[in-house]
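Engineer: Chains as they are written, first to last, in the numbering used here: chain G, 14 to 972; chain Z, 13 to 254.
The set of hints was computed from the structure by calculation and includes no laboratory data.
Just so you know, even glycine gets a beta-carbon here, dropped at the ideal spot from N, CA and C.
A couple of the hints might just be wrong.
Between beta-carbon pairs, the in silico distance windows are [to be verified]:
#1 G:Arg396 - Z:Ala156: 26 to 36 Å
#2 G:His213 - Z:Glu159: 52 to 62 Å
#3 Z:Glu137 - G:Gly52: 29 to 39 Å
#4 G:Glu638 - Z:Arg162: 44 to 54 Å
#5 G:Glu844 - Z:Trp126: 49 to 59 Å
#6 G:Asp960 - Z:Val96: 50 to 60 Å
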Amino acid sequence: MPEVTENDGHTLAPGEDIKYSTCYMCACRCGIKITLKYGKIKYIQGNPHHPTNQGVLCAKGSSGIMKQFSPARITKPLLRKKGAERGNAEFDEISWEQAMKILTARLKHIRATDPKKFAFFTGRDQMQALTSYFSKQFGTPNFAAHGGFCSVNMATSMIYSMGGSSWEFGGVDFERCKYMFLFGVAEDHDSNPIKLGLAHLKDHGGKLVVINPVRSGYGAVADEWLPVKPGTDGALIMGMIHVLLKYNLFDKEFLINTTNAAYLLDMTEGSEKEGLPFLLAEKDMEQTQHVVWDLKTNKMAEAHQLNTEPALLGRFKSPDGRTLTTGFQLLYDRVMKEYSPEQAATICGVPAEQIERVALEAGIMARDEVITLPIEWTDVWGRDHKTVTGKPVSVHAMRGIAAHSNGFQTGRTLSIFMMLLGIIDRPGGFRYKAPFPKPIPPCPKPINSPDLIRPNTPLPNPELGFPSNPDHLMVDNDGNPVRIDKAFSWEFPLTAHGMMQSVITNAHNYDPYRLDTLMFFMANMSWNSTMNTGEVMKMLAAKDADGEYRIPFLVVSDAFFSEQVAYADLVLPDTTYLERHDVVSLLDRPISDYDHPADAIRQPILPPKGDCRPFQQTLIDLAHELELPGFADADGKPFLTYKEFITGWESAPGSGVGFLAGWRGVNGDKHLVGEPNPNQWEAYIKNNSFFEIELEPSIRYNRNINQGYLNWSQKHKLIRLNEPIIMHFYSEVLQRFRLAAKGQRPGRQPATDAQRQRILKYFDPVPFWYEPLEQTQVPLKDFPFHAITQRPMPMYHSWDSQNAWLRQIMGQNFLYMNPDKAAALGIADMEWAWVESPTGKIRVQVKCSEAVQPDTVWTWNAIGKMSGAWNLDPDADEARKAFLLNHCITDEIVNEFTNKRISNSDPISGQAAWYDLRVKIYKADETGHWPQFQTLKPLPHMEKRADILRYEFMRDKKK
Amino acid sequence: MSQKALVIDLHKCVGCHACAANCKAWNTQGDAGPLTDTNPYAKDPEGVWFNRVQTYEVGKFPEVEVVHLPKSCMHCKNAPCVEVCPTGASYKRVEDGIVLVNYDDCIGCKYCSWACPYGCREFDEFEGVMKKCTLCVDRIYNEALPEEERKPACVIACPAKARAYGDIDDPSSQASRWIAEGKGYKLMPESGADPSNHYLPKRKVNIHVDKEALLKVAHAHINAARNIACDTGSVSEDVAQP
């Protein structure tokens with residue numbers, strides 16, 4: 014009898030095994046438990062021990078097997094056939110040796126001559142710790158991941174305001190929250206934790222308020238729905254702020270202690286200090302000190318002193334005669350004058366009564382239902398507290414707010430709403446996740462001069478970072494952008510995640526210069542991840558008069574036969590998430606929860622299929638081929654595998670900080686900081702592939718001013734200094750840019766009037782609402798509908814069109830619109846219609862829906878596919894009926910100050926403005942989706958599509 | 013008596029299809045599998061799913077509700093599918109009330125799918141037999157699984173914790189408690205089938221606000237704050253009126 018064994022409570026039959034890894038059917042990265050039999054995957058379920066998903070698993074994660082066995086898998090390195098055109102997907106299969114030789118020769122030459130001619134942009138890999146390091150060591154500034162077209166407005170606006178942001182760096186304290194605002198589409202970020210959280214909220218009778226033009230997904234379980242018009246959330250939140258101010262429902266103590274709302278600002282016009290905090294330089298003090306107006310003594314006083322009563326409102330004079338006021342006063346003036354609920358209602362379409370009521374509900378609950386936990390802690394001013402207090406009101410927002418050209422200021426508005434309620438990092442509210450909070454803004458600064466790009470030399474600083482002032486921009490002496498995506502330029506200054514959406518357009522236009530090699534990893538930039546899809550496909554295949562491609566060499570790494578692969582010159586076949594070593598690192602985008610800094614690994618469950626190779630391993634190999642420094646241990650022994658790199662690499666020699674935080678030190682007994690441990694990987698495997706460490710209760714709250722936490726965080730090298738992180742109610746950073754634009758600030762200043770005017774208009778240190786840029790250029794009467802997308806819960810972008818199970822749940826999308834509006838246009842339910850914007854049009858099938866704001870139409874994101882892509886049948890619904898809205902979304906708008914073309918993005922953060930689209934709709938005479946492109950032929954080496962699929966497990970069944 | 017069943021809370025269900033997909037993943041490799049898919053990569057893909065989620069809109073804008081309704085075999089007490097089955101392939105177990113199909117005896121006549129008031133039968137074209145939810149009978153008694161996992165796959169997977177499983181004839185079971193506390197109801201009771209699965213209705217959380225009282229307090233406070241501020245420092249400008 015073969016032996017029966019046990020593993021984690023399972024009695025395993027002969028040949029059976031249980032392994033733990035990390036899901037990657039979406040970016041949520043849940044723990045998974047995989048049952049294997051004779052080395053094959055039998056079943057994937059949630060890991061019950063895992064902090065992220067606690068045993069549950071969504072539709073995507075549950076369908077991982079079908080991703081693994083998709084016939085769209087690419088398993089050979091491919092080189093575009095001689096004479097074949099880009100886009101036709103005609104390739105020669107080559108060996109890895111040939112592939113690496115071609116790529117190495119090319120990159121070696123670029124690195125030795127002009128490293129910026131290599132651009133490396135990655136999709137949703139979430140392995141930016143490695144990919145950015147590779148680019149930095151290569152010496153090119155032209156690196157970014159996909160954040161610029163994802164949700165960077167949420168990340169930057171919140172990080173620049175409160176030192177943390179929604180999703181990976183903060184979120185709702187669902188266990189105690191009783192009133193939750195959910196803004197915009199959030200069904201994808203993050204997936205299972207929000208669903209688990211909503212269950213908590215419902216269990217204790219909490220109220221969910223959904224603010225979204227569309228009621229679907231989480232909107233279905235909302236207690237109240239605010240059908241806001243797209244791009245007007247900022248006005249709506251301002252209306253709510255008006256109510257909080259009017260009814261005195263703001264947390265004065267929180268504002269004074271943890272934000273700069275009461276700091277006195279020097280309002281002396283024309284000075285280099287205008288609008289900056291008035292600072293006191295004490296004789297015996299090394300540092301300058303912020304000041305407040307003390308109502309007790311009627312004098313200025315140092316901020317954060319005991320026995321003072323700082324004024325939030327008022328205008329004052331300093332002893333030397335300067336006019337002073339507070340950030341709170343400036344916001345108060347603006348909100349009271351311009352944003353009553355009635356004024357907000359005319360912009361956002363939500364009735365004033367409803368805006369006022371929900372603001373009152375939240376404000377009163379925050380004031381009256383104080384949560385008190387018997388936890389002692391000490392603040393940064395040395396005051397001991399017997400308890401931690403909080404309010405059961407919270408907020409979550411992602412792309413709905415982010416994907417507009419006014420999203421940065423809207424995110425700032427939202428952050429201030431949260432500060433007024435006093436709910437940040439307190440029980441029941443919005444809590445940070447390690448490694449956040451970080452200083453405002455965080456320390457890393459992008460390289461800021463073309464002179465720092467040198468042949469055969471790594472960059473001295475990272476490519477990406479958080480500018481604090483114009484001197485951190487990556488511009489040349491004439492004020493021109495240096496990066497191919499024009500990130501960190503005067504036009505797009507705070508582009509912390511880069512602007513991947515601009516790369517192809519700019520590279521095609523040689524603007525600002527011609528690239529040599531462009532490499533994409535896990536990104537579908539010729540299809541659903543680009544605006545203006547049809548034109549961008551042409552740009553990818555465009556040639557100069559001499560017959561050379563305008564983008565000379567295009568390298569694509571992907572595991573599947575995507576639309577992007579069709580345009581590649583060189584294809585590097587990647588593995589699935591079940592075939593690789595991988596990390597989810599605290600250096601990158603971790604899976605920490607509020608009380609537990611955490612990270613995780615992926616272990617190979619199966620061997621790589623065919624000749625595919627984990628892309629991370631390809632990068633390590635490439636680094637060695639190119640002789641990049643920094644891919645070896647302290648003794649100079651090279652890391653040959655990615656697994657060795659994960660466990661052996663340190664952020665600096667002897668820093669003790671590496672990709673994984675758990676079981677560091679030679680004996681594996683140190684956490685977060687410690688020497689590399691040769692057995693670290695095995696320790697993770699033993700702990701079900703993740704690591705978490707529990708924070709002491711005293712350092713779980715008020716972390717931006719919690720001395721114990723800041724000491725802990727500094728000791729473990731999550732932050733450099735253990736100084737208080739005072740939130741930017743008033744944005745000093747934006748004001749510094751403004752001063753530069755006004756010519757009042759020493760250091761870098763804009764080079765042109767257009768640059769000055771753009772900064773002056775949008776870099777307001779007090780948030781405001783403005784009409785999304787594209788909409789100011791599109792006549793409302795001609796294009797009366799807003800058009801947006803939502804994220805389906807069972808499908809993640811275009812990742813799973815090849816998934817036999819998930820495509821049964823969602824293989825066609827429709828255009829959802831109000832039935833009365835459709836009827837007025839003569840369009841009946843399920844009829845076909847044209848959707849047209851000033852730059853593109855598509856023919857789509859209409860479904861009438863009452864669950865959408867009537868001036869808005871919407872559809873699911875990324876369901877439409879090019880015929881034959883993803884190895885689907887050419888006549889699959891995804892190709893013939895489903896559609897992308899992208900064809901209608903312009904990649905460029907008119908720069909109002911130059912009348913020249915400029916990226917359709919937020920003028921502060923560079924976030925792609927997907928949701929600013931406006932369209933007209935009219936009845937179509939024909940049916941079926943338009944436009945149609947060429948049909949891609951399956952690659953010869955790919956598996957044949959099955960006609961019948963029966964995923965069973967080595968059992969004989971009937972027939 | 014014992015009647016195992018599912019209870020589904022529509023107040024919590026977000027319509028994510030996790031229950032449906034994980035059901036498919038477990039059952040295709042389990043005792044009731046495989047769950048055949050036809051045209052898996054072509055037009056009109058269709059497969060056997062023991063659990064499907066339907067979505068409905070109720071009402072007119074803006075007073076509109078969206079309801080997600082996951083649906084699988086109700087394991088009826090008077091199961092019409094069992095009554096009409098000419099071969100006895102469909103049967104209801106005495107010990108726990110679970111309705112099952114013996115594939116070996118099924119002739120694929122589809123009487124049961126016509127009889128089922130809930131549309132919860134799934135015909136496997138490839139095998140020519142009728143299939144359906146087994147309530148994961150190969151999990152719930154499976155001693156090879158850890159005890160906490162001896163539940164239907166849909167219940168374990170559900171990220172919104174909107175599903176309970178248990179014996180509805182035992183008032184102390186989690187399922188019975190949910191029904192009692194959440195006003196659980198049966199879908200289409202008029203069918204006469206007496207379905208065992210139950211649904212909990214949507215509920216609304218409302219909060220009362222006394223605006224008048226609030227306004228009084230607020231004005232007093234803000235005015236006080238403003239006067240104090242104005243009296244200090246040499247302020248000449250007006251502070252905005254609330």
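Engineer: Compare the structure with each hint and give your call.
Structural biologist: Consistency of the hints with the structure:
Checked against the given bound of 26 to 36 Å, the beta carbons of Arg396 (chain G) and Ala156 (chain Z), roughly 57 Å apart, lie outside it. In this structure the supplied range 52 to 62 Å is violated for His213 (chain G) paired with Glu159 (chain Z), their Cβ-Cβ distance being about 24 Å. Our hint of 29 to 39 Å for Glu137 (chain Z) and Gly52 (chain G) holds, since their Cβ atoms are close to 31 Å apart. Restraint check, Glu638 (chain G) to Arg162 (chain Z): a C-beta distance of roughly 53 Å satisfies the suggested window 44 to 54 Å.
For the pair Glu844 (chain G) and Trp126 (chain Z), the beta carbons lie near 32 Å from each other, so the given range of 49 to 59 Å is not met. With their beta carbons about 32 Å apart, Asp960 (chain G) and Val96 (chain Z) fall outside the hinted range of 50 to 60 Å.
This entry does not satisfy hints 1, 2, 5 and 6, going by the numbered hints stated previously.
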